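Quick note, the sequences are listed as chains A and B, same order.
Under numbering that gives the first Met the number 0, the residue at position 180 of the first sequence is numbered 179, and the numbers go up by one with no gaps.
Under numbering that gives the first Met the number 0, the residue at position 52 of the second sequence is numbered 51, and the numbers go up by one with no gaps.
I should point out that these hints are in silico values taken from the structure, not numbers from a laboratory.
Note that the coordinates shown come from a computational prediction; the quantities given were computed from them, not determined experimentally.
C-beta: ideal position from N, C-alpha, C; glycine also.
Hints are not guaranteed to be accurate.
Label-pair restraints from in silico Cβ distances [claimed, not checked]: (1) Asp504(A) with Asn496(B): 40 to 50 Å; (2) Gly517(B) with Glu78(A): 24 to 34 Å; (3) Val355(A) with Arg220(B): 43 to 53 Å.
Partial selection, computed: residues in chain A whose CB lies under 7 Å from chain B [as the list claims (entries may be wrong)]: (4) Asp129; (5) Ala287; (6) Leu487; (7) Pro495.
Far from chain B, by Cβ distances over 12 Å, these chain A residues were calculated [to be verified]: (8) Ser29; (9) Trp40; (10) Glu199; (11) Glu410.
Number of protein chains: 2
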Amino acid sequence: MAVASILIAGEWREATTTSTFSAENPATGSKLEAVFPVSAWEDCDVALNAAVEAAKELRRVPHEALAVFLELYAQKIEEQSAALVAMANAETGLAVTPRLKDVELPRTTTQLRQGAAAAREGSWTHVVIDSKANIRSHFAPIGPVVVFGPNNFPFAFNGVSGGDFTTAIAAGNPVIAKAHPLHPGTSQLLAECALAALAEAGLPLATVQMIYGISNEDGLRLVSDQRVGASSFTGSRNGGLKLKAAADRAGKPMYLEMSSLNPVIFLPGALKERGDQLVTELADSCLAGSGQFCTSPNLILAIEGEETERLEAAYADIVSKRAPGPLLSAGGLKGLDANVHALIKAGATVITGAEVAVGDGYRYKNTLLRATAEQFLSKPEELQLEAFGNSTMLVTAKDVAQLQEVLEALEGNLTGCIYSSTAGDDDDIYPALAEVLRLKVGRLLNDKMPTGVALSPAMNHGGPYPSTAHPGFTAVGIPASMIRFGMLQCYDNVRPNRLPRELQDKSPNSNMWRLIDGHWTRG
Amino acid sequence: MAVASILIAGEWREATTTSTFSAENPATGSKLEAVFPVSAWEDCDVALNAAVEAAKELRRVPHEALAVFLELYAQKIEEQSAALVAMANAETGLAVTPRLKDVELPRTTTQLRQGAAAAREGSWTHVVIDSKANIRSHFAPIGPVVVFGPNNFPFAFNGVSGGDFTTAIAAGNPVIAKAHPLHPGTSQLLAECALAALAEAGLPLATVQMIYGISNEDGLRLVSDQRVGASSFTGSRNGGLKLKAAADRAGKPMYLEMSSLNPVIFLPGALKERGDQLVTELADSCLAGSGQFCTSPNLILAIEGEETERLEAAYADIVSKRAPGPLLSAGGLKGLDANVHALIKAGATVITGAEVAVGDGYRYKNTLLRATAEQFLSKPEELQLEAFGNSTMLVTAKDVAQLQEVLEALEGNLTGCIYSSTAGDDDDIYPALAEVLRLKVGRLLNDKMPTGVALSPAMNHGGPYPSTAHPGFTAVGIPASMIRFGMLQCYDNVRPNRLPRELQDKSPNSNMWRLIDGHWTRG
Numbered sequence: 000m001a002v003a004s005i006l007i008a009g010e011w012r013e014a015t016t017t018s019t020f021s022a023e024n025p026a027t028g029s030k031l032e033a034v035f036p037v038s039a040w041e042d043c044d045v046a047l048n049a050a051v052e053a054a055k056e057l058r059r060v061p062h063e064a065l066a067v068f069l070e071l072y073a074q075k076i077e078e079q080s081a082a083l084v085a086m087a088n089a090e091t092g093l094a095v096t097p098r099l100k101d102v103e104l105p106r107t108t109t110q111l112r113q114g115a116a117a118a119r120e121g122s123w124t125h126v127v128i129d130s131k132a133n134i135r136s137h138f139a140p141i142g143p144v145v146v147f148g149p150n151n152f153p154f155a156f157n158g159v160s161g162g163d164f165t166t167a168i169a170a171g172n173p174v175i176a177k178a179h180p181l182h183p184g185t186s187q188l189l190a191e192c193a194l195a196a197l198a199e200a201g202l203p204l205a206t207v208q209m210i211y212g213i214s215n216e217d218g219l220r221l222v223s224d225q226r227v228g229a230s231s232f233t234g235s236r237n238g239g240l241k242l243k244a245a246a247d248r249a250g251k252p253m254y255l256e257m258s259s260l261n262p263v264i265f266l267p268g269a270l271k272e273r274g275d276q277l278v279t280e281l282a283d284s285c286l287a288g289s290g291q292f293c294t295s296p297n298l299i300l301a302i303e304g305e306e307t308e309r310l311e312a313a314y315a316d317i318v319s320k321r322a323p324g325p326l327l328s329a330g331g332l333k334g335l336d337a338n339v340h341a342l343i344k345a346g347a348t349v350i351t352g353a354e355v356a357v358g359d360g361y362r363y364k365n366t367l368l369r370a371t372a373e374q375f376l377s378k379p380e381e382l383q384l385e386a387f388g389n390s391t392m393l394v395t396a397k398d399v400a401q402l403q404e405v406l407e408a409l410e411g412n413l414t415g416c417i418y419s420s421t422a423g424d425d426d427d428i429y430p431a432l433a434e435v436l437r438l439k440v441g442r443l444l445n446d447k448m449p450t451g452v453a454l455s456p457a458m459n460h461g462g463p464y465p466s467t468a469h470p471g472f473t474a475v476g477i478p479a480s481m482i483r484f485g486m487l488q489c490y491d492n493v494r495p496n497r498l499p500r501e502l503q504d505k506s507p508n509s510n511m512w513r514l515i516d517g518h519w520t521r522g
Numbered sequence: 000m001a002v003a004s005i006l007i008a009g010e011w012r013e014a015t016t017t018s019t020f021s022a023e024n025p026a027t028g029s030k031l032e033a034v035f036p037v038s039a040w041e042d043c044d045v046a047l048n049a050a051v052e053a054a055k056e057l058r059r060v061p062h063e064a065l066a067v068f069l070e071l072y073a074q075k076i077e078e079q080s081a082a083l084v085a086m087a088n089a090e091t092g093l094a095v096t097p098r099l100k101d102v103e104l105p106r107t108t109t110q111l112r113q114g115a116a117a118a119r120e121g122s123w124t125h126v127v128i129d130s131k132a133n134i135r136s137h138f139a140p141i142g143p144v145v146v147f148g149p150n151n152f153p154f155a156f157n158g159v160s161g162g163d164f165t166t167a168i169a170a171g172n173p174v175i176a177k178a179h180p181l182h183p184g185t186s187q188l189l190a191e192c193a194l195a196a197l198a199e200a201g202l203p204l205a206t207v208q209m210i211y212g213i214s215n216e217d218g219l220r221l222v223s224d225q226r227v228g229a230s231s232f233t234g235s236r237n238g239g240l241k242l243k244a245a246a247d248r249a250g251k252p253m254y255l256e257m258s259s260l261n262p263v264i265f266l267p268g269a270l271k272e273r274g275d276q277l278v279t280e281l282a283d284s285c286l287a288g289s290g291q292f293c294t295s296p297n298l299i300l301a302i303e304g305e306e307t308e309r310l311e312a313a314y315a316d317i318v319s320k321r322a323p324g325p326l327l328s329a330g331g332l333k334g335l336d337a338n339v340h341a342l343i344k345a346g347a348t349v350i351t352g353a354e355v356a357v358g359d360g361y362r363y364k365n366t367l368l369r370a371t372a373e374q375f376l377s378k379p380e381e382l383q384l385e386a387f388g389n390s391t392m393l394v395t396a397k398d399v400a401q402l403q404e405v406l407e408a409l410e411g412n413l414t415g416c417i418y419s420s421t422a423g424d425d426d427d428i429y430p431a432l433a434e435v436l437r438l439k440v441g442r443l444l445n446d447k448m449p450t451g452v453a454l455s456p457a458m459n460h461g462g463p464y465p466s467t468a469h470p471g472f473t474a475v476g477i478p479a480s481m482i483r484f485g486m487l488q489c490y491d492n493v494r495p496n497r498l499p500r501e502l503q504d505k506s507p508n509s510n511m512w513r514l515i516d517g518h519w520t521r522g
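Whole structure, please, built from the sequences with the hints as guidance.
Set out below in structure tokens:
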């Protein structure tokens with residue numbers, strides 16, 4: 000079978016191929032037919048040069064054109080939804096419904112349309128005008144953006160269609176997407192839609208480029224190349240930190256979204272009040288996408304007692320009865336099993352699961368581990384290992400003080416959640432726990448599982464290191480996440496006709512918010 | 000003479016001293032009497048623990064208390080201005096007037112008061128409320144901030160009184176200041192004012208701590224310590240990059256403000272129209288503070304021709320007649336001379352100066368070097384070496400295209416300036432040059448020297464690497480510069496009474512801007 004082409008410099012080209020690979024259907028373990036190339040550095044080099052030219056052109060096009068492209072792209076994705084969903088289902092094993100077709104694909108097109116609206120409105124550029132001093136500043140495109148998509152969301156976080164892609168483009172930058180090797184066919188179909196939309200919108204065709212694979216060394220070289228403006232990566236801590244180190248050395252911004260345990264705390268009053276309901280909520284959240292969500296609860300915290308024992312028993316009962324969903328890959332299964340056993344080695348007890356499941360493809364028994372807070376505190380690093388998949392661990396504390404100690408020992412996480420009694424029975428212990436947890440997480444929840452990451456302008460899908468690389472940026476939520484792909488540009492005493500339109504006295508459109516002499520104004 | 004105490008954990012304590020040092024009067028070369036300690040790691044460790052406690056307490060105090068402290072501190076600085084100015088003059092050789100007394104000290108107290116106003120108003124926290132989804136986010140204090148102050152501004156950029164200090168505190172964080180060893184006595188006087196203001200304002204006394212010296216290794220350890228929220232450094236590229244590498248490895252934000260050539264371009268029409276006036280402006284800017292400003296023009300660009308020859312001759316004439324001001328230290332003089340000679344070795348011609356000046360203290364002849372664009376393009380790295388002090392280099396291009404090539408070869412800078420004819424004679428060549436320069440600088444100026452860094456909310460005192468470490472942040476301009484010291488915190492479905500006041504439905508004050516359901520509102 001012919002090796003697939005890469006999308007580079009505005010056209011589908013034969014890659015400079017160093018090796019090839021094919022995806023698998025992880026629900027069956029069978030290899031898919033299509034063959035994809037691993038590119039040599041030469042392909043990156045060509046893509047970078049084309050991206051630099053596209054970046055120049057993009058700085059000259061009206062924001063409206065960016066918006067039109069993003070909307071056309073969303074429309075083309077919808078037109079191709081049947082093919083896209085079928086391909087993604089084959090490559091990831093994720094359910095067609097209620098996941099790929101009716102949740103993730105609409106989320107993706109919603110993001111694209113939100114990006115379009117934000118590009119059109121322009122408020123994300125955070126215009127500040129000091130009219131007396133005639134100093135004006137705003138955020139402008141940072142330059143070509145390299146996006147490494149993760150394995151777990153073939154649409155919504157795909158390097159060529161997801162949130163990082165959308166916000167990089169909406170901010171006016173070309174994207175070089177590194178498709179995830181577990182869903183190359185999906186990425187190819189998406190990139191075809193993107194190219195068609197670019198042509199129709201009249202944007203530079205090299206605004207969107209995509210390669211399927213590169214060596215680890217070339218990945219490091221790519222994010223540290225001087226032609227790059229910034230890069231983003233969603234995936235494992237190991238891979239992310241290597242890319243970060245390379246980008247840091249070159250002085251290039253690198254936005255990461257890495258591991259996170261997403262602790263969920265059940266306070267005694269909540270368990271007493273609605274324990275049965277909560278255990279179902281928890282199981283639904285932990286097993287969503289076979290536990291392969293960035294925000295999947297990997298750590299459940301509770302205080303020892305009868306209600307907590309019931310929680311454990313009920314959770315074990317529920318999840319052991321549910322059929323394990325497929326994991327995304329043989330590697331994912333191996334990694335999950337290895338980390339579950341590393342947790343066991345560090346002292347965790349197996350309540351249920353903790354072994355490979357029989358059946359087609361790559362599946363692991365739905366797993367619950369348990370450890371005491373004392374154990375956790377004696378080996379905080381080992382027992383904070385993320386077991387990415389359908390496994391979670393219950394850690395029980397003797398009392399509130401010990402629970403607080405566990406929170407103090409946590410690394411940075413994307414989310415943290417506290418369930419408490421609606422009648423106020425936990426109100427005396429909530430504040431001290433929330434105060435500690437607040438500093439460890441980007442998003443603090445009450446009475447709600449963290450796996451839903453709403454596409455809200457107030458969302459923070461970010462958090463303290465090592466869940467991300469900087470606690471001031473979010474990867475979800477438009478327009479806030481666009482700022483990652485902007486550079487701050489100030490104009491001091493620049494003549495009026497030489498200013499970008501958004502910085503001129505007269506607003507370029509009636510919807511753009513601008514901070515003029517201390518007042519946010521629009522129109 | 001007794002060794003000075005360090006300000007740590009709320010009191011003046013004897014340092015764990017590994018060695019001692021004294022400052023010098025660089026205008027005379029004479030050693031000053033006071034003796035200051037270089038601290039062992041133990042002092043950092045104690046300071047870090049105290050800062051962690053102070054950070055906790057600061058999260059609970061009303062923003063009003065932060066504002067009161069900053070205002071009291073400004074007032075105490077004014078009360079002590081005579082002593083402060085005398086000490087800074089002795090330690091830095093900078094003129095009492097028109098610099099320390101009537102420019103830098105008022106700038107410092109203005110910054111403190113602007114920080115107070117911003118803390119009080121709260122708009123810097125960038126509240127975003129999605130009331131339908133009940134998701135709310137804002138920036139909250141990032142944690143203890145370590146500030147390394149530079150040598151060149153003993154008040155306005157001092158680690159214990161300058162812009163980084165002010166914005167870190169105004170954002171609600173304690174500061175551990177590492178005083179610059181060239182002005183320890185000034186830093187001591189400032190810290191005394193700060194401590195008195197803390198006590199009067201009722202803030203935790205460990206909100207401001209200061210040490211005079213630590214080993215390089217302990218500096219790296221300090222910025223990468225897990226107790227730190229973020230660090231900032233203003234100074235040499237060499238020192239900054241080492242600190243950045245250490246902080247990066249630990250996942251800690253590190254804000255840098257390092258070297259910058261601040262290119263100034265004189266277009267032919269401007270020189271023809273007002274060459275004589277411009278040369279005086281240029282000389283005033285290049286020699287301000289003996290050229291030891293972050294934004295001092297180190298690179299002058301023009302197109303070959305009669306007017307450019309006149310510029311060169313007139314500049315050389317003016318600066319050779321002005322008495323060289325004192326440099327900040329023996330090391331500064333040595334570094335300047337070494338870098339001037341490195342530029343000469345790389346091909347630059349000496350027009351005037353380029354040697355140590357006779358006279359008291361550390362002085363260098365006001366210097367002008369010259370190179371062709373061709374030379375510059377053949378050795379772009381060597382000829383972009385910053386000679387920090389009263390030296391600048393004129394690079395002449397054959398034509399506009401070659402000038403543009405020079406701009407393309409520039410590294411990231413804080414500022415870039417283009418002077419052009421007011422009658423429009425340069426309007427045909429401005430756009431292409433500005434387009435290239437724009438991407439190389441944080442602040443683009445027209446017809447104005449870069450050495451004035453206005454305390455404007457629209458200012459950007461930042462720029463692409465290696466002038467700073469991230470092109471999205473500014474070190475000057477309140478409230479924008481405060482965001483560096485905040486972490487993004489989101490509240491998802493959190494019960495109303497548990498929300499921080501600023502995130503509750505009712506605004507905490509009538510002046511705070513909040514983005515509620517897509518509308519910036521106040522009151």
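Open item on the list: Going through the numbered hints above, which ones does this structure break? Give me the numbers in ascending order.
Closed with: Failing hints, ascending: 5, 7 and 11.
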